[in-house]
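For the protein sequence lines, the chains are Z and V, in the order given.
Position 334 of the first sequence, counted from 1, bears residue number 333 in numbering that gives the first Met the number 0, the numbering being contiguous throughout.
Position 331 of the second sequence, counted from 1, bears residue number 330 in numbering that gives the first Met the number 0, the numbering being contiguous throughout.
Some hints could be false.
Stated by the list, open to error - Residues on chain V that point at chain Z, a partial pick, calculated with CB under 10 Å:
id, residue
1, TYR159
2, ALA227
3, ASN328
4, ASP343
Just so you know, the hints here were simulated from the structure itself, not pulled from any lab data.
Every residue gets a Cβ at the ideal spot worked out from N, C-alpha and C, and that includes glycine.
Residue-level listing of the chains:
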Amino acid sequence: MSTTVTQPGSVPPGDPESEGALSRYLLLQKAGGLVAPLVTALLAFLVGGLVVFATTKSVPDTLTTYKAIFEGAGLNWFLPWETCSDPCQSAIRLEQTLLVWVPLVLTGIAVAFAFRCGLFNIGGQGQYIAGAIASIIVAAELPLYVDLPAVPLILLTMIVSMAAGAGLAGIAGLLKATVGAHEVITTIMLNWIVIWVGTYLFGFEGPLQNDQSAEIPKSNDVDPAGKLTQAGVWGHPELQGLPWISLGVAFLGLVVYALVLNRTTLGYEVRAVGHNPEAARYGGISVARNYVLAMAIAGAFAGAAGALDVLGWKFRLDTTDFAGTIGFIGIAVALLGRNTSIGIGLAALLFAALQTGTSTRNLDPEIFPPELATPLTIIIQGLIVLLVGADIVILVLLQRLRRGRRQRSPA
Amino acid sequence: MATEAPILELRGITKQFPGVLANDHIDFDLRRGEVHALLGENGAGKSTLMNILYGLYHPDLGEIRIHGVPVRMSSPREAIASGIGMVHQHFMLIPVMTVAENVVLAVEPRRDGILLDYREAGRRVQDLATSFGFAIDPDARIQDITVGQQQRVEILKALYRRADILILDEPTAVLTPQEAVELFGILQTLKSEGKSIIFISHKLNEVLEIADRITVLRRGKRIETLPAAGATEESLAKLMVGREVLLRVEKGDSQPTESFLRVEDLHVRDERGIEKVRGVSFDVRGGEIVAIAGVDGNGQTELIDAITGLRRPESGQVVVEGKDVTTRNARHHFEIGVGHIPEDRQRRGLVLDFSIAENIGLHDFRKSPASRLGWLSPRRLIERARRLIKEFDVRGGGPRTPGAALSGGNQQKVILAREIDRDPRVLIAAQPTRGLDVGAIEFVHRRLVEERDEGRAVLLVSLELEEVLSLADRILVMYEGAIVGEFPPSATEEELGVAMTGGGRREAVA
């Protein structure tokens, strides 16, 4: 038996000197984090394509349908070679897409922020409605008694709405922190409470039903001073119009989300609790306090979404508004966006485009039967959520592919 | 080569992981009827090599030969077909199924083509166990048997699949000393039946006890293959670590100052309301190491939790430098100068998804320079981490590397760095070397003695008598929630052992 004593290599593996290789590895992981959601979305469209194919019975028609959805969402406005006549069709559609994008971004953040603290906030919808109800109370009811100029009225509305969302979500956080009630259960129950409070307030004979027509279950209109459209809109003001303020707040939300999480002590605590509550406690961080705080902050984002929709383009609430799904799609946005700022922005755009692009108004009825368009949207949305859960599988498949290729090509 | 051709040969096995050359041209061979130990520190490449042999990884370079014939292991199925069986450190058993069902899983005896023949399965497993001298009940459920018995089920599983080569990955890590003795008996029987065994370990004494030959790996390379006869713990440690290792700690006499930590008549209950600490009193002075020895589960965990503010005691007092801190929280304890190296570094000591820099800031992120007015300064966290990584010789990554990517020893160094760098008056170290390899243990021990010499009060809780005896200036033995005796470091293991099992107390009562 020969014995050889090998000298250690020049750079021992894993020494600080080899940080280059390690950072490359981390980058690869991050790339995986970008590739997986992309593949997820693509796969969802591919499977969704089967549904379209079953309807249209031809491959070219399937492709045309997707093109029509793309154009229905107004996304062709970004393409440099597209020209448009006046009024610009694609701009009007894009405006509608972005109108949906704003609340999706904010409710997406509401889910993601809680996620980072290890909490699953299913209550985005309730917090959104709480914000919307609060903004009606401040911007439509309060001006009946007090005269407020635009800026203070809008600011007050935003603050009260965010507080409403925060308070509602905070209840779930408090219950989790004190008695350990699971936040999934409590947020779902709180959703229903808010929905029925809203239905009571603005429904027939409700205390806040509008003063004009007793036969319509809706609220009073927002005071003209409170309308964000006053401050200028992007796109076509005669159509819905997208207030610059809403767009700005959504972008600001994304920036604030990233900064708070990564650059503040608050975010550090939230992430520590999210990753390992036991280690956080050992480190001197109050887990209970962070559960309450993280939920409240999450709720504030969703509340802001409700306020922006009311002040931006809804201007009133009626009882059918409570049946919406914005808050729930927010969950899918956070999942697909992997709880990152950029991810949430892009995922919200995808879901918003899907929603607008398949709306009966925007999807060309010659290409795809409009009555089947909404089911198609929901199928694709469902597929994305399903596949997001399977993104580990997708990553493994990608890795297999890569390895297989390497083995086939002689090194 | 020796008397006969090896039944297994690994030639030039090389495996590159991102950033790490895990195996660098490793040669290894195994003869019929021998125990060949694979010795190395954590991260030396032992598990990688065995996972390659078992078909879980594919080598970038190199060749595997069985009975002289080159084979390609692309999955465990092929490894099993080649007569290789692996017993993993974490067992792959189904708790609700019986021993026999687990053993025959996936190769079940059938009746009428489709029906599982339970009786036949039980009979075959019983026969197999008897033939190798195992005491085991084939009808017992896995969840009802001890860890040692579960390990035997894993070995039976491999034997049932006609394995001639058994790979045991750190098999004694989960066993009590008594179970380890039984395992070694089983291995002797297997050897005499002509089975060959690869025994992976980083424990020197057991390798010397069971192995015929030893191959030492270090940082992905094979350093040497030598017969166990003639080797010593010191010589193996040197090969493993690459330098002389002090297996005994060198330290001068302690110069205790005044009391920094005083515990008085402390009573603590656990989550289930059971009183685990029953009236413990002691004090630790600056410049001395006081060790609490005892068998696991005698209230040490609850005692430490209460002293560090993680658990509210029922009654009694904890006094740090004259200040009563009994009812204060963990954060307050850190702020007045208590450092705490927790028992479970992965569950409590580190946020594994956080980077080293973030982990090092776990107690100080609220304060300047780590943050100002609530704004973190990642740059300052990283600067500090870079300094400490150097000072504490943390290997395996830089400030941005996630804690999860480090080996156990390096994770412990990060915790040590964090706690010591805060300049605490009292340093509490709960099982600071659990699961570490010799190099890392030496580092932790040396550092604890240095901190004592700096004048800190060090409270050590350990289950390892050898560690207690070599580090402590005073030894307290804890049994069923009470301190049953105080010993000088000149005490023998036997004396401590008797006290740890309640012998001392019975004498005292009598």
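Hint-by-hint comparison with the structure:
1. A distance limit of 10 Å between C-beta atoms decides the matter here; for V/TYR159 the minimum to chain Z is near 30 Å, and the interface restraint is violated.
2. Because the smallest distance between the Cβ of V/ALA227 and any Cβ of chain Z comes to about 13 Å, over 10 Å, the interface hint for this residue is violated.
3. For V/ASN328, the suggested interface contact is upheld, since its CB lies about 7 Å from the closest CB of chain Z, less than 10 Å.
4. Taking 10 Å as the C-beta cut-off, the interface hint given for V/ASP343 holds, the closest approach to chain Z being about 8 Å.
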